[in-house]
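Undergrad: Assemble the complex: chain A is given as a structure, and chain B must be docked to it using the hints.
Chains as they are written, first to last, in our numbering: chain A, 357 to 594; chain B, 6 to 185.
By construction, these hints were calculated from the structure, which means they are not laboratory data.
Computed from a predicted structure; not experimentally measured.
Don't take every hint at face value.
Said to hold, decoys possible - Some chain A residues flagged as far from chain B (calculated, every beta-carbon gap over 10 Å):
1. A423
2. S467
3. I507
4. T561
5. D572
To be verified - Label-pair ranges, simulated between beta-carbon atoms:
6. B:E147 to A:K579: 18 to 24 Å
7. B:T28 to A:E554: 51 to 57 Å
8. A:E554 to B:Q161: 26 to 32 Å
9. B:D41 to A:A560: 37 to 43 Å
10. A:D571 to B:G112: 25 to 31 Å
11. A:D571 to B:I24: 31 to 37 Å
Unchecked claim - Rough simulated footprint, nothing fancy, chain A against chain B, three-plus residues with beta-carbon under 8 Å:
12. 99–113
13. 118–128
14. 135–146
15. 178–185
Backbone N, C-alpha and C fix where the C-beta goes; we use that ideal spot for every residue, glycine too.
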Amino acid sequence: MKRMLGAFAVAAVLAGPVVAQEQGVAQETKEGQQSPEGGGYGAGADVHESEAKGIVNWWSWDYGAKAKDPTHKNWPPPFGYALINFAIFLTIMSRLAWKPLKQFMVDRHDSIAKNLDEAAALRAAAEATLKQYEAKIAGIDREVDTLLAQIKKESEAEKARIMAAAEADAKRLKEDAERQIAAEIDRARRELRRGVIEQAVAAATDSLKKNIAADDQRKMAEKYVHDVEARAKAGRPS
Amino acid sequence: MITGSLSRRYAKALLEIGISQNTFDALGKELERAADTLRASPELRNALENPVFSLEKRKLIMDELSRRLALSKTVRNFIMLLLDKGRIARLPDISRVYRGLVDEHAGRVRATVVSARPLDPMLETRLKTALEKQSGKVVIFEKREDPSILGGLITQLGDTLYDGSVRTQLQELREELLSE
Chain A
357 MKRMLGAFAV AAVLAGPVVA QEQGVAQETK EGQQSPEGGG YGAGADVHES EAKGIVNWWS
417 WDYGAKAKDP THKNWPPPFG YALINFAIFL TIMSRLAWKP LKQFMVDRHD SIAKNLDEAA
477 ALRAAAEATL KQYEAKIAGI DREVDTLLAQ IKKESEAEKA RIMAAAEADA KRLKEDAERQ
537 IAAEIDRARR ELRRGVIEQA VAAATDSLKK NIAADDQRKM AEKYVHDVEA RAKAGRPS
Chain B
6 MITGSLSRRY AKALLEIGIS QNTFDALGKE LERAADTLRA SPELRNALEN PVFSLEKRKL
66 IMDELSRRLA LSKTVRNFIM LLLDKGRIAR LPDISRVYRG LVDEHAGRVR ATVVSARPLD
126 PMLETRLKTA LEKQSGKVVI FEKREDPSIL GGLITQLGDT LYDGSVRTQL QELREELLSE
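Just chain A, same shape as in the assembly (with noise of 0.2 Å):
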């Protein structure tokens, strides 16, 4: 704000000589203007004339058409005041508004400094994630034949695993239908004997109903008497 004052009071300064010597040229141009010589312009030169020669009225209050000096009917408001109220409203729009100002900037600063760490943050992550990426791809060939083999090996470990659970089904089974085979072999044997033996023994009790003698009879029972009576001699000696 002090430089911008000093800034503007530079300007002033400088401006000063400039404007006292233009105003010279229009004096010396307002006389030409007179004489019957110099040729006849209007009101409307004159001011523009006025434009054309910078500040013409720092201080002076007479001024317009209302100007009791007939020279400053032309001259517009006093450019000093101007600038003196301009540097007013610069100290009082410096006192209230500067600080606001200020902070708003320190934390526009701040922000885009804190947004500038995250971008700068975020940008080494990804530059990181690429580099894994970038890893990874550089390893998955090795990857895909570790993969390959491994998937080879169990593989022909399940093959072998299926080529054992076969060949003991086919043993068992083998087995089991040898077991059957026998069993129905022993089957029919016992079968086959049982049926000899009803029938050898359904012969010989048709042959004994048929052929034994009251004789048979008799020697039987006199056998029958004896061993009774050896029991009872074992049993209860006298």
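TA: Chain B in isolation, oriented as in the chain A frame:
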């Protein structure tokens, strides 16, 4: 088992009376006669066991039967008691148990001899003597003929069975051959 135990209780009660009166043999014969009659006539058995007939009527029937069978007062009263208790159906079983108890009391044992043909009297005597020697009791022979035993003899002496029949020997031979 419960039925056997019940019959035994009734038989023992009657035996005690018979022993006290020294008429246990006669009572046994009367009881057997009544049991045989009951066993031989389903109509009579039905009339005595059927609760449709009143007890008085059934007692009248039994009274008439006792008179015809010339049963003693003791046996008659015993049978009336069975009627009263609804146990008349057990009479054959009680008679059988009573006979066994009487035999046991008198030192006797019954032997049932089965033969395919009539047994020679001399062999019968020898068998009876051997059985008496073995059991130590007087043996009462009950002979029966059964041609299906083919030959030989079967003797049931008390709980012991002496099976010397050809039929059993053939069965044993059959079992032995089948078990090989």
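Undergrad: Could you run down the list of hints and mark each one as holding or not?
TA: Structure-based check of each hint:
no., hint, result
1, A423, "holds (159 Å)"
2, S467, "holds (109 Å)"
3, I507, "holds (63 Å)"
4, T561, "violated (6 Å)"
5, D572, "violated (6 Å)"
6, B:E147 to A:K579: 18 to 24 Å, "holds (22 Å)"
7, B:T28 to A:E554: 51 to 57 Å, "holds (55 Å)"
8, A:E554 to B:Q161: 26 to 32 Å, "holds (28 Å)"
9, B:D41 to A:A560: 37 to 43 Å, "holds (39 Å)"
10, A:D571 to B:G112: 25 to 31 Å, "violated (38 Å)"
11, A:D571 to B:I24: 31 to 37 Å, "violated (49 Å)"
12, 99–113, "violated (count 0)"
13, 118–128, "holds (count 6)"
14, 135–146, "holds (count 5)"
15, 178–185, "holds (count 4)"
Violation of the numbered hints given earlier is confined to hints 4, 5, 10, 11, 12; the remaining hints are satisfied by the structure.
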